[in-house]
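Trainee: Chain by chain, the residues:
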Amino acid sequence: MAEKAIHLKDDLCDLCGTCVAVCPADALELTECRLLIDRERCTLCLNCVYACPFACLEVHDEVPV
Amino acid sequence: MKSRYDVVVVGAGPAGSTAARFAAMGGASVLLVEKDREVGIPVRCAEGVGEKGLRLVVEPQERWIDRVIRGAYLYAPNGVRVCLETNDIGYVLNRKVFDYDLARMAAAEGAEVLTKAYVTGLLTHDGAVNGVRLNHLGRLFNVQCAIVIGADGVESKVGRWAGLRTHVSLHDIESCAQVTASNVDLEDTHCHFFFGREIAPGGYAWVFPKGNGVANIGLGVSGDCARTKPAWAYLEEFLARRFPHVSVLTVVAGGVPVARPLKRLVADGLMLVGDAARQANPVSGGGIVSGMIAAKIAGQVAAQAVREGDVSELRLKEYPARWHAQEGRAHERFYKLKEAIWRLTDEDLNRTAETYLRAPAEKRSLLGLFATALVNQPKLILEAAKVFV
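Protein chains in written order, with our numbering: chain A, 1 to 65; chain B, 1 to 389.
Source of the hints: derived by calculation from the structure; they are not laboratory data. Just so it is clear, CB atoms sit at the ideal spot from N, CA and C, and this is done for glycine as well. Mixed in with the good hints there might be a few duds.
[Stated by the list, open to error] Here chain A is said to cover these stretches of chain B; the calculated rule only asks that three of the stretch's residues, wherever they fall, bring their Cβ under 8 Å from a Cβ of chain A:
#1 153-162
#2 174-183
#3 227-233
#4 322-333
[As the list claims (entries may be wrong)] Within a straight-line C-alpha distance of at most 30 Å, the following computed DSS-like cross-link-like pairs (lysine-lysine) qualify:
#5 B:K386 / B:K52
#6 B:K96 / A:K9
#7 B:K263 / B:K210
#8 B:K116 / A:K9
#9 A:K9 / B:K229
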């Protein structure tokens with residue numbers, strides 16, 4: 001069964017870092033050009049989903065590679 | 001770039017450049033690194049500062065100032081507006097020029113500035129921070145230092161890497177969106193603040209004029225309230241309702257910590273300043289001056305600690321001690337006020353504006369406004385008095 005995971009809509013992300021500040025699991029990192037999501041650390045608390053000003057983070061089934 | 005400095009400052013915003021400038025003035029060798037390709041860009045900020053506060057850290061320069069501000073208009077949810085005139089002027093800055101100049105001033109004191117330089121982690125020895133891992137234009141470097149100053153903004157990782165608890169609760173983050181727009185038809189000698197559940201729950205909307213009909217129009221909603229509707233959706237509605245005819249020149253998102261100060265601002269070989277240290281004013285969300293005031297102290301303490309050869313947490317605690325003495329108590333009071341203001345209903349806010357306008361003009365003041373709003377919470381009026389008188 002596919003597992004839930006946080007996904008980023010890249011074209012909407014403004015690289016503002018609000019999500020990084022509210023992540024209690026230290027699963028997000030903002031580099032100079034992208035948001036990195038560490039799915040191993042993510043606890044799916046959804047703080048980042050709620051805090052994003054552009055609603056560009058979503059939780060849905062992880063697509064199997 | 002050398003392989004070793006006394007102090008490495010991560011992030012060249014106003015706090016980082018100020019920390020670098022004062023550390024260099026104190027005789028430290030300083031590297032100031034910025035992840036973006038240019039200092040000052042992008043601007044994630046409403047750009048408002050008080051003149052008095054700014055002057056505590058740096059002499060204001062005309063080229064930094066887009067607009068001199070003489071007062072504020074506060075709009076209750078029903079549209080009734082209250083004018084606050086103060087003797088203290090404010091500025092709407094041009095952050096691109098301001099940030100650039102602050103970095104240049106740090107460089108003039110001897111700090112080395114590097115852009116496109118992203119810190120990927122900290123170097124440690126026996127649990128103490130003693131350098132950074134740096135990606136500069138795709139090449140990896142280890143840079144040793146005595147002290148790392150984290151000025152890496154709301155998205156700060158430097159503190160977390162050193163084991164400090166910098167996570168901001170959803171309740172204490174303002175999720176913000178802003179446009180810079182032209183054809184804005186409001187008095188451009190004043191900043192404008194709009195309140196109400198429909199406009200910006202757990203926050204407010206602002207219009208900060210930049211001259212020539214251009215203004216920063218934005219809003220912040222508390223993370224709690226953004227669960228069901230993002231900040232950008234609130235802003236689109238606000239623009240459609242209040243400013244249907246503006247042209248949008250810039251769109252930007254941002255997060256502002258409106259939290260209590262961190263319990264720990266320092267560790268062995270490490271200091272945090274500015275938004276990274278959650279030092280923005282919890283009521284206004286303003287973080288430029290508060291970050292710079294802290295950064296000035298941090299830079300001074302860092303240089304002194306390096307000279308003494310003791311960069312332990314115990315030694316660096318002089319920075320939070322001085323910051324608390326100067327700003328910490330006010331910050332705590334502002335936090336309590338923020339909590340109280342957020343509990344006010346739209347009806348409370350409407351009543352406050354109307355009651356306030358009935359008072360004789362000479363008796364109107366910011367404190368008076370708070371006293372009216374918090375009439376059912378007399379203890380908090382005292383707290384307000386301590387920060388506004």
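Trainee: A separate judgement is required for each hint: does it hold in the structure or not?
Mentor: Checked hints:
Check result for the region 153-162 of chain B against chain A: holds, 6 residues qualifying (beta carbon to beta carbon below 8 Å, three or more required). Given a C-beta distance limit of less than 8 Å, the hint that chain A covers the region 174-183 of chain B holds, as 3 residues qualify and 3 suffice. Here the region 227-233 of chain B counts 5 residues with a CB under 8 Å from a CB of chain A, which clears the bar of 3, and the coverage holds. Residues of the region 322-333 of chain B with a Cβ under 8 Å from some Cβ of chain A number 0, which does not satisfy the need for three, so the listed coverage is violated.
Simply put, K386 (chain B) and K52 (chain B) have alpha-carbon atoms about 18 Å apart, close enough for the 30 Å limit, and the pair holds. A threshold of 30 Å between alpha carbons decides the hint, and for K96 (chain B) with K9 (chain A) the separation of about 28 Å falls inside it, so the pair holds. Of the supplied pair hints, the one linking K263 (chain B) and K210 (chain B) is violated, its CA atoms being roughly 37 Å apart against a limit of 30 Å. The straight-line distance between the Cα atoms of K116 (chain B) and K9 (chain A) is roughly 24 Å, inside the 30 Å bound, and the hint therefore holds.
In summary, the hint linking K9 (chain A) to K229 (chain B) is supported, as the alpha carbons are separated by about 17 Å, within the 30 Å threshold.
Checked against the numbered hints above, the structure violates hints 4, 7; every other hint is satisfied.
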